[in-house]
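*Asks:* Protein sequence lines, in the order shown, are assigned to chains A and B.
The numbering of the first sequence is the numbering used here, which starts it at 1 and goes up by one.
The numbering of the second sequence is the numbering used here, which starts it at 416 and goes up by one.
No lab work stands behind these hints, which were simulated from the structure alone.
Wrong hints could be hidden among the right ones.
Stated by the list, open to error - Calculated cross-link-like contacts (lysine to aspartate or glutamate; reagent style EDC-like; alpha-carbon spacing at most 16 Å):
| # | chain 1 | residue 1 | chain 2 | residue 2 |
| --- | --- | --- | --- | --- |
| 1 | A | Lys405 | B | Glu982 |
| 2 | A | Lys30 | A | Glu152 |
| 3 | B | Lys602 | B | Glu660 |
| 4 | A | Lys30 | A | Glu220 |
| 5 | B | Lys423 | B | Glu537 |
| 6 | A | Lys4 | B | Glu500 |
| 7 | A | Lys405 | B | Asp980 |
| 8 | A | Lys382 | A | Asp290 |
| 9 | A | Lys170 | A | Asp20 |
What the hints assert, rightly or not - In silico contact screen, one side only, chain B against chain A (beta carbon under 8 Å); selected entries:
| # | residue |
| --- | --- |
| 10 | Leu791 |
| 11 | Ala792 |
| 12 | Pro794 |
| 13 | Val986 |
| 14 | Leu987 |
| 15 | Leu990 |
Just so it is clear, CB atoms sit at the ideal spot from N, CA and C, and this is done for glycine as well.
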Amino acid sequence: MEIKERIDRANEEVIQRFLDSQPVWVDVRKAIDVVPGMTPALILHSGPPIAWERMCFVQRESVIGAVLFEGLAKTPGEAEKRVAAGEIRLEPCHAHAAVGAMTGVTSASMAVVCVENRPFGTKGFCKVVERRLQFGVRTPEALDNLRWMAEELGPALGQAVRRLGGVELKPIIAQALHMGDECHNRNVAATALLLRTLAPELAEAAGPRRSRRILQYFQEIDQAFLGLAMAAGKSMGDAAHGVRDSSVVTVMARNGVEFGVRVSGLGDRWFTGEAQVIDGAFLPGFSAADATRDIGDSTITETIGLGGMAMANALTASAIAGGKAEDAIRRVRENMEITAGRSRSFTLPVLDFEGTPVGIDVRRVVETGILPVLLTGIASNKPGGGRIGGGVVQPPMEAFVRAVKALAEQVGASS
Amino acid sequence: MPRRNLVKRNHYQDSVRLLRIGEALRQIPGVERIGVVMATPANVALLEEGGLLTPEGREAKPNDLIIAVSAATAEALSDALARAEDLLSRPHTPAGGVCKTLRSALSALPGANVALISVPGEYAGSEARRALEAGLHVFLFSDNVPLEDEVDLKRLARARGLLVMGPDCGTAFLGGAGLGFVNVVSKGEVGIVAASGTGAQAVSVALGERGLGVSHIIGTGSRDASGAVGAITLIQGLRALGRDEATRVIVLVSKAPGPGTLARLFSEIGACPRKEQSGACGKPVVAYLVGVHPGLVRAAGAAPAVSLGHAAELAAHLAEGPEERTAGPSAWATAGRLAGGLPRESFLRGLFAGGTLAQEACAILSALLPGLQSNLAGPLQTPVSGGHRIVDLGADEYTVGRPHPMIDPAFQAGRIETEAADPRVGVILFDVVLGHGAHPDPAGVLAPAAERAMARASSEGRRLACVASLCGLDPDPQGGGEQERKLRAAGVIVERDNARAAAVTGLAVAAAGLLADGMDEEEPLVRLPARARVINIGADWFADALRAQGAAVAQVEWRPPAGGDPELARVLRALG
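Okay, chain A solo, but in the shape it has when bound (with noise of 0.2 Å):
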């Protein structure tokens, strides 16, 4: 078979497994009893593998926050020296079918909501999002509240959702999308059905004393159903990984240093280039010499069409975001031209009900020059900093080249 047409076909095969697949929300547990792979002395961090010297500021405090989290360390000191040292293992979230947004920082004590992807039984695992300790801020109140998710909020809404018998994602998605989010950056109406469809079952499970501040969080917390969206992205993207030939991205993610790509059919390789500067509206006080560099693994979200992908139905972000309605059409007419396939589930109200686009095609964005947009948070680049924005941001140029050149040499085609 010609390459072209082996290639077409392995994306097509791809995009089924995307369009198949069905995560369900399952379980919240301690990263140490679900995480594969996951032991006591290791961090898992977002984005590509990288070297604890090389790391970004933020992502840096966010390792020492969770060393001390776990009881490695009794100083910031002692902490990086034992990181520097190697006694503590870092690697990405990605290698332990994992994800973590912004700094992803995920230790083994903390809380991680479990998806599983029915059809394929790929699972997604995800901390629990919270405002502080992924944006670096490691102070007494960061640590306590990760204590108060691991001990009070995860098992209450574990047993909620167990009790549910699971919750299904893609429905929730389905009709968040409808409602103005993306999923990515605005989360906010998929947040309160969440909290709508968990509301019983959770009440019963965090009875009167735990409840007030368990519903709190829901409320401060816009944000909260990013975490699924997240693990319900790693689920579907390690089902639809390893298909010969395919040239689909299944993961993108940042570090604040690097962007990575992998590509459904060239293995476990990491394609990278440099994290770029993202271009945002910031809060007030606060400019892009504030800011940190592209980094997180939300960016997940776009593999499987959400996020920038369906940036047409978030109008309102899009104008925080400083931009114009036509805009945000226009760049997911954008992101159409570079996938080899369109969601079924997940619609766009404003462009007809089509589908989202969805499997990014290494071939189509080198070849056309158009880069997948991304929309992402802002994290600062100073100690406490938080979050100070959000924007829209591209991957470099050069992951998806490197990626292409693999291939060619994979396919044969390069001689």
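Using the hints provided, position chain B relative to the given structure of chain A.
*Replies:* Same frame as chain A, but now just chain B:
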């Protein structure tokens, strides 16, 4: 209550669009019930329940679209169906701007049938290839397209029954829309196929001035008639216009095609030796072929034009007047019979007593036979090499100490037998000139020589044909009819017109090559679109011109692939 199902195969549309179409149809007076749905099992069941399904609808598959209508009258029914077709075929410019690739343009313009490509030459080939693979005809305005690309593209197109008009093609008119540089012509009965853009324009303007219109203008690009390309598009165009119902007369415009190509081209116009039926075209053809002797054009069955304006004049005459062929197809019938026994490469030797006859034959034959030598410009170099040759035996170098061949054909007869000794000679052409002052019985000398020559060849297991160009009248002293009879009895083919004699001979030798090559008859039919729906890849003024004509267009905002990196672009082409 009349009802009907219209099924569109493999025609996915999203459900909201279908709902809107359904609503629009319900407004039509007389329409009772409507179902516009994808033929999924659930939808088909609904239609069945609603009494809207017909046998056609039952055949539909889930990827097909069903438009099911029941109406009070047959008229309302057909109104509804016509409106449905119209609504479905409307191009929707994607909200938020232009398409960036052919792929998205194809979904924005359903039923696209032509791609208009004006991107730089080094990229044009792969854009054209993709358009062909998507089933579109290609109008290739781009120049600097490598020759190999042109040949590959045209072979691919031919295998799919599609046209590649170009490269460097400036003018076409297809499906009611002018592509590129066109004048405002009206739709009419004259079809033009041209390897020259301004040539096509000039003919169409001249027709317009006479109040005549054009059915299609198929531009082929200026290189199409070259030996390397082999007139692929010219021939496809002739065949397509020959089959096109709207076309009654065909005008062919090109500069002199290469020898093999010329024969191929003419075989489309007249009866080709290989075809059973006479006349591939079956329609009158006017040919303006610059540099080709009009006698050859005429003998081959087309009306020769001496200028672009003249081509239009002839076409007008043929379109308005009684349909008459301007020259019989018998040149081909004769040439065909001759060609039958000839090997692929055989040589022609022409032996002439009359200098002007030699000149006319030479002018005609040099268009058909590569490397034709003659002594018309000066004595032949000795020793004479092989190949096609015409010799004027009345030239000085042959008449020293010898009577002129018109007076004594003995030398000419001797030369016939000499040439016949060369095993690679397949045809010998000689003239027989009658009248006062000429030999009393030239055929009496030449016919036996020809007979001996042919017999000798036969005994050596090869075929040799002899053609006589007989210049004379029955009342001449020698008796034209009697001379012809003698020659025929000896097995010589006789033509009474010198240009025809040369044409028959030249076409036979050229056609022998064609027969051996196996000109393919089985290529898919080219379907000329009734209404052009164009995807424009490149400069947007082409799209503006099309919209001004009311044609449906989708514009692709093109960028060089891989940001202009040639190595990467090459890798991408390999990956598809």
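*Asks:* Against this structure, judge whether each hint is valid.
*Replies:* These are the hints, each one checked on the structure:
At most 16 Å may separate the alpha-carbon atoms for a hinted pair to count; A:Lys405 and B:Glu982 meet this at roughly 10 Å. A hinted pair counts as satisfied when its Cα atoms are at most 16 Å apart, and A:Lys30 with A:Glu152 qualifies at roughly 11 Å. Note on B:Lys602 and B:Glu660: the hinted pairing holds, with a Cα-Cα distance of about 13 Å set against a maximum of 16 Å. Pair hint A:Lys30 plus A:Glu220 does not hold up; C-alpha atoms about 22 Å apart against a cutoff of 16 Å.
Between the alpha carbons of B:Lys423 and B:Glu537 the distance comes to roughly 38 Å, so the proposed pair goes past 16 Å and is violated. Among the hinted pairs, A:Lys4 with B:Glu500 is inconsistent with the structure: their alpha-carbon atoms are about 34 Å apart, more than 16 Å. Among the hinted pairs, A:Lys405 with B:Asp980 is consistent with the structure: their alpha-carbon atoms are about 13 Å apart, no more than 16 Å. Taking the CA atoms of A:Lys382 and A:Asp290, the gap is near 7 Å; set against the 16 Å cutoff, the hint holds.
The straight-line distance between the Cα atoms of A:Lys170 and A:Asp20 is roughly 11 Å, inside the 16 Å bound, and the hint therefore holds. Look at B:Leu791: its Cβ only gets to about 54 Å from chain A, farther than 8 Å, so that hint breaks. A cut of 8 Å between beta carbons decides the hint on B:Ala792: the least distance to chain A is about 53 Å, and the hint is violated. The beta carbon of B:Pro794 is not positioned within 8 Å of any beta carbon in chain A (closest approach about 57 Å), and the interface hint is therefore violated.
Interface hint at B:Val986: satisfied, since its Cβ lies 5 Å from the closest Cβ of chain A, which is below the 8 Å cut-off. Proximity of B:Leu987 to chain A holds as hinted, the smallest CB-CB distance being about 5 Å (cut-off 8 Å). The beta carbon of B:Leu990 is positioned within 8 Å of a beta carbon in chain A (closest approach about 5 Å), and the interface hint is therefore held.
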